[in-house]
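Counted the way this note's numbering counts, the sequence shown spans residues 1 to 164.
FYI, nobody ran anything at the bench for these hints, they're computed from the structure. Don't be surprised by glycine CBs; every beta carbon is placed ideally from N, CA and C. Certain hints may be false.
Stated by the list, open to error - Pairwise CB distance ranges (calculated):
hint : residue 1 : residue 2 : range
1    : ASP49     : ALA24     : 32 to 40 Å
2    : ALA24     : GLU66     : 27 to 35 Å
3    : ASP124    : ASP49     : 16 to 24 Å
4    : GLU91     : GLU126    : 30 to 38 Å
5    : MET147    : ALA41     : 31 to 39 Å
6    : GLY56     : ARG98     : 25 to 33 Å
7    : ASP158    : GLU66     : 40 to 48 Å
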Amino acid sequence: MGIFSGSDGDVGDELPHTGRTGLAPLARNRITTWLQVNGYAHFVDHEGDVGGLWRGRLFHFLLLGEQEEILQVRGQWNREAAIERLGEVLETCNTWNRERIWPKTYARVRDDGMICVVAEESVDLEPGVTDEQLSQLLHCGLSTGSMFFDTLDERFPDPVASAP
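Could you build the full structure based on these sequences and the hints that come with them?
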């Protein structure tokens, strides 16, 4: 099976190949094509950002940089934590970041005092990217982000939105 062949939507599947072998510029339509070919439901928001839900978690595929040459796959945990849990959440993020290269993980405290946990993978693709490389990066962002969120689910099976 190649990089762009059909998939049942499990981010652990091997992904398909289109036949393009040369470098091409990173472009939003290449991301949406990859999502469509793999059968992943997705959306494009009012700012043109691409996103979707994987295992109930929101992921965005962002193009950053002056020429939109940086790919960022950013996922958000589908749960929030109470501010009283910040130390535990930060410990989990820091341990992950020490032991693994991807994704970078962090917690943000929202204006309402709840904690949002994020996982992101960013790659500078200024020279261009093949379809196979792009597929690997998108797959990596989704799968490693999902692995981190699974770790959070295991670490915090309790109602983490409540104070301990």
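Do the hints match the structure? See the list:
1. ASP49 x ALA24: 32 to 40 Å: Since the Cβ atoms of ASP49 and ALA24 sit about 21 Å apart, the hinted range of 32 to 40 Å is violated.
2. ALA24 x GLU66: 27 to 35 Å: Violated, at about 18 Å.
3. ASP124 x ASP49: 16 to 24 Å: 18 Å, holds
4. GLU91 x GLU126: 30 to 38 Å: Given range 30 to 38 Å: holds, Cβ gap about 35 Å.
5. MET147 x ALA41: 31 to 39 Å: 21 Å, violated
6. GLY56 x ARG98: 25 to 33 Å: 27 Å, holds
7. ASP158 x GLU66: 40 to 48 Å: 44 Å, holds
Checked against the numbered hints listed earlier, the structure breaks hints 1, 2 and 5; every other hint is satisfied.
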